[in-house]
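Spelled out, the chains give:
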Amino acid sequence: MNDKSRREFLLKSGMGLGGAALSGFIPGFGYLTAASAAELIDPLAPKAPHFPAKVKTVIWLHQNGAPSTLDLYDYKPELVKLAGKPIPESFLKGIKTSTQGGITKLFNSPKRQFKQYGESGAWFSDLLPNLAQHADKMAFIKSSVTVGATHDISILKLNTGDVNPGRPSLGAWINYALGSANKDLPSYVVLYSGDREPSAGSVNWSAGFLPAVYQGVAFRPGASPILHLDRPGGLAASEQKNALALLKNLNLKRAAYYPEDTELQARIRAYELAERMQATAPEAVDLSKESEATREAYGLNDEATKAYGEVLLRARRLTERGVRFIQVVNGGADNEITSWDAHNSLEENHSKMAKLVDKPIAALLADLKERGLLETTLVVWASEFGRTPWGESGDGRDHNPWGYTQWVAGAGIKAGTTFGQTDEIGVQSQGQTVDTYDLHATVLQLLGLNHLKTTFLHDGRSERPTVVYGEVIKDLLA
Amino acid sequence: MNRKAYLAVVLALSATVTVAGAADEKAAADTAAKAEAVLAGKTATASSGKTEVAKANFEKNDAKLPLWSWQQVKSPVAPNVQQKNWVRTPIDAFVLAQIEAKGIKASPDADRASLIRRATLDVWGVIPTPEQVNEFVNDRSPDAYNKLVDRLLASPQYGERQARRWLDLARYADSTGFQNDTTRPNMWRYRDYVINAFNKDTPYDQFIKEQIAGDEINPKDQNSLVATGFLLNYPDNYNSRDLVQRHYQIQTDMTDTIGLAFLGTTVGCARCHNHKNDKITQKDYFSLQAFLANTSVDEKIVPLVKGEQEIQWEKAQAKYQAATKDIRDKQKAILDTVREAGVKYHKERYLTDSREAIFKAKEQWTPLDRWVNHRLENISTERDVSGYLKRAAEDKNFEGHKPELVEKWAEYEKLTAELKKYDNLKPTAGSRYISAATELGNPVAPPTHVRFTGVHERPLDEVQPAFPAALTDEKPVIVPTATSSGRRTALANWIASPKNPLTARVYVNRVWNQYFGGGIVSTISDFGKAGAKPTNPELLDYLADSFVKEGWDVKKLHKQILLSSVYRQSSAHRDDAYKADPDNKLLAVFPRRRLDAEQIRDSLLVASGKIEDKVGGPSVFPPLPANVNVGVNNFDNNPAWTVSKDWHDHNRRSIYVFTRRSVSYPMLEVFDPANPQLVHSKRDVTTTPLQALTLFNSDIVFGWSQALAGRVINEAGNDDSARLDKLYQILFARSPESSEKSALREFLSKQEKEIKNKTVDGKFEISTPTGLKNAQGQDPVHLAAFVDLVHTVANSSEFSYRF
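Respectively, the protein sequence lines represent chains P and H.
The first sequence begins at 0 in numbering that gives the first Met the number 0 and counts up by one.
The second sequence begins at 0 in numbering that gives the first Met the number 0 and counts up by one.
Don't take each hint at face value.
[Said to hold, decoys possible] Derived Cβ-Cβ restraints for the label pairs, each shown as a range:
#1 H:A321 to P:R195: 31 to 37 Å
#2 H:S737 to P:N181: 40 to 46 Å
#3 H:R150 to P:E282: 48 to 54 Å
#4 P:K104 to H:L439: 37 to 43 Å
[Said to hold, decoys possible] Some chain H residues well away from chain P (every beta-carbon gap over 12 Å; in silico):
#5 A112
#6 D180
#7 T280
#8 D368
#9 L424
#10 F451
#11 V614
#12 K772
#13 D778
It is worth saying that the hints were derived from the structure and are not from the lab.
Ideal Cβ placement from N, Cα and C applies to all residues, glycine included.
Chain P on its own, in the form it takes in the complex:
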């Protein structure tokens, strides 16, 4: 940034210039010394949180397609009892459904079995045998609520807090508020399993109205995760080195005419960073040095879990390297079952999808723990909504934004607890609910950020990540 854009940036960040210039204090950034003030020239320079952070890295596991948490965690004996019967009217009070006369009979998969695990006694179904072993690491949110009847708007909300595109994603806000902890890698990375990019694409990791520099960088499958990482036209490394030396020389000559121009200086540094990234990014996703035991644990030796396992192993490697926000979107189990979206044949869908994620996520939790990383890493298991207790087409389930389960694990979390609940058959949340905004506020809190004070001035409004909502769920925090 040049001085002018830096000034604009400071203003937009809600840092009244007068205040900042006079005292060196900038809300959201703490006190600045002259040296750190200069660092604002670099939009990704590390910035101090509002208060000490518990979490360095967030791994955000988006369960794409919306799993039925009634079939995973939220055990409802009453549903088993009432299966096959019409749903009592009282459970539908206050909600708008999209199927005319389509609220059919309650459904329970006959194969489903629940058991309690760990000291906490958390319920897990037979679909998640591996994850169940980590019951005591998790804090469950069993009263999740959101908005929307269709995936796209609710996924958008899960990531950006709005049902219309245009707002920054949570990762972008974090990137903006905290900057990068490792300049040699992007600090906000998006991983996806499967060969196709997630639908709706970059809108879900967009910087919205924040400067584009804060958006997520999609890591593609394969050895070269970032676009344009490989040298072009058969250029050898030594040739590139020569070329970049010449480039620096030319750029320095030009920059000398503009001694106060920090933007031109930043551009010279950007090429140096890019050169380093050419080595660090492939190394960060190179799984060849991982032990056979690790590969086995993440499910890399099994076709059913390989794709997701690789992505989670990449996530762990990126965590080690200080990436701040890692957004993981699962792909499908096969060509037919492309997400958790089981409107019919739930049993087939969920047994395959659960298989896809169960072992890899369990391995990730174990691996993070073993390496001491879980003390500074937050793992979030989230989805756009849940699914209804009544059946759809007999053996599937419809979308449920009124009550479903998500969980968090890792740094700063009161492990082995459960927050909130749904009604007796799992239609609606009861008591205190947790909306996307509350989850976002809680994640920000763990990163040392007050969601009310993480602001950016856009079109006359001081915007924040949680729109006008959000409450930190203190009961989830250790």
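With chain P held as given, fit chain H onto it using these hints.
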């Protein structure tokens, strides 16, 4: 820092105290509002509430006087200045007066080569050719620069460049966004409308009226119909099950867009509550929205005049239709057997209030029902029925399941596979129809209500179309036509009126921002109280006033700025100016600026000699990097990105690159392009390693460097020194300095050695210049080193900036 200490520090700073305090207070209020919303069991649109923060009111505004931007535009007289010789236009006097007040001087003119590079980039969006540079540099006539400006403004490239900036505001895209991200096949016509409007120098007031109300004002004029594409660029979700909410969200998008783009006013803030900073009440907001209440979209208007594009499209389509008639007929016959049930099933999948409208007899439709049913018709496809068939065949538990459907579905699928084989016959770009706003032939609009906290399910009092009461006493004159409410015409007339204090100010400020990388009002789309104050209010009013007096003549406005001494100044660093005005707010030095995304790509294309200068037409799909796999567009099952077959299309200007909302074109994406989800007021400049990776490693950019190397050699011959001169002339409009030249020569010999070393390893993979006219007798190693040199120089900062 604990909270107490934190607050103590914050409290010590009056400038920030309101920020923190207001946020807390707001949070409490919002929690209450949210609780209420949850109790009501409604689905709140998250955008419905945004935190407005009352900014410290640093100027003691006379409470009786309206905000500066709401006062009538004045006609200021150019101030007296000392450096009279420097003043060429009144603009210069306004700017110079402030510079002199600081005790410094303005800068002298830039050298001619810099000036033509700067002006060509600003007006056309690309670098000039060496011929154009030489012609101007060597033109000794006194009006050489005037002639240059006239030539620049007369070229169609002026329209292409200006249109791009306008499309930023119009949140232009070729697709709807959201997960389905459906193609909008006709939107390119709106893009072409904008290009042509600038090239024809359509007066700005007319430009406004056409875009807001073209279909009402001039329903028989194709151009006016297409112009309403401005309203229709909203992101849309064809999947939405809540059509009543869609109606509200679309009106909201249109209203907020008009507020920001034309009026530079954040009216959207007042949707959920009275505006926190500006005197716009919630009632004012919904009264504005009422102007749009009856607006629908028609995407199937047959063009009045068939052009070459339509003829070609229909030809291709006819071929496809003929080849596939048999298959499609058979498919239709199958679907016909379940059509009734399928359509009914689809219709039942909407939320309660939408269903009410959908299942109501046509005679009983309210205006809102009409809107909902029209929407349903627009988004209904054969896929609704085939989806039903699939379900009914495959899912034994489904209520519509019948065993005989299994075979039908199998047959249908076979036919689909068969049909797929003919995909290559389908027209890949362009369209047969035009899209336009419409009021569905009915002048009666649905009622508009104030909505409690902006939530569509909480209507309060009904409002009538009206302008914000604190801004104007004027009442809208609404004259319904036989087919339309006349509301949008009334709105457009008010916005495009010379008396509107905002319209001209906002627009001239946008143009100023384009040239100087910052507005006179730095918050380009916020002329409200929370926005910035003008740094030079007299200049702003002078520009706005003369703009209107000259008949809203956009080219004249550009010309006036281009001819000014302010614009012609050198960008060379001056210690005195830097010390007196480190942010260069006063413009005593010309502000250099990084090229924007399109300028970089298009200029590289110009340098390589590969640019296609065709103006207009359907959007094109240049190649994506190999490791981008964007899959299919869910809604119509077509690929989201089919690379254009005609390679000429790969080298079109960036404005013609298909804007798919879910797939930013990677080369542009890293250079801070417009975000098509939003009214994008100002291009950011960020400097990142991903930009460096893109420019240095992209095979596409490298290919352009190879072509540029070939061009240089063709034009400069075999002498290295002449080649270096030529290269610099093309890229920078100057010759290399001697120190640069020696660095470049040194590089060549070093790089040759490296390349030779490669041959020793047996990995003889070298780059060659492309398009060489005469490769005979050329040393391939030397050529390869030269390609690397060209590529490196094209990567240098000087190329990506205009000084």
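How the hints compare with the structure:
Between H:A321 and P:R195 the CB atoms are about 33 Å apart, so this pair conforms to the stated range of 31 to 37 Å. One distance hint, 40 to 46 Å for the beta-carbon pair H:S737 and P:N181, holds here, with the actual separation near 41 Å. With their beta carbons about 53 Å apart, H:R150 and P:E282 fall inside the hinted range of 48 to 54 Å. Hint check: P:K104 to H:L439, Cβ distance near 41 Å, so the stated range 37 to 43 Å holds.
Even its closest Cβ contact with chain P, about 15 Å, leaves H:A112 beyond 12 Å, as expected for a residue assigned away from the interface. With 12 Å as the threshold on Cβ separation, the claim that H:D180 sits away from chain P is violated: the shortest Cβ distance comes to roughly 7 Å. The Cβ of H:T280 sits about 16 Å from the closest Cβ of chain P, beyond the 12 Å cut-off, so the non-interface label holds. H:D368, annotated as away from the interface, keeps every beta carbon of chain P farther than 12 Å; the closest lies near 17 Å.
Here H:L424 stays apart from chain P, with its beta-carbon at least about 26 Å from theirs, past the 12 Å limit. Annotated as non-interface, H:F451 keeps its C-beta farther than 12 Å from every C-beta of chain P; the closest such distance is 14 Å. Under the 12 Å C-beta cut-off, the non-interface status given to H:V614 relative to chain P holds; the minimum distance is some 28 Å. Under the 12 Å C-beta cut-off, the non-interface status given to H:K772 relative to chain P holds; the minimum distance is some 21 Å.
Consistency note on H:D778: stated as away from chain P, and its beta-carbon is indeed over 12 Å from all of that chain's, at 16 Å minimum.
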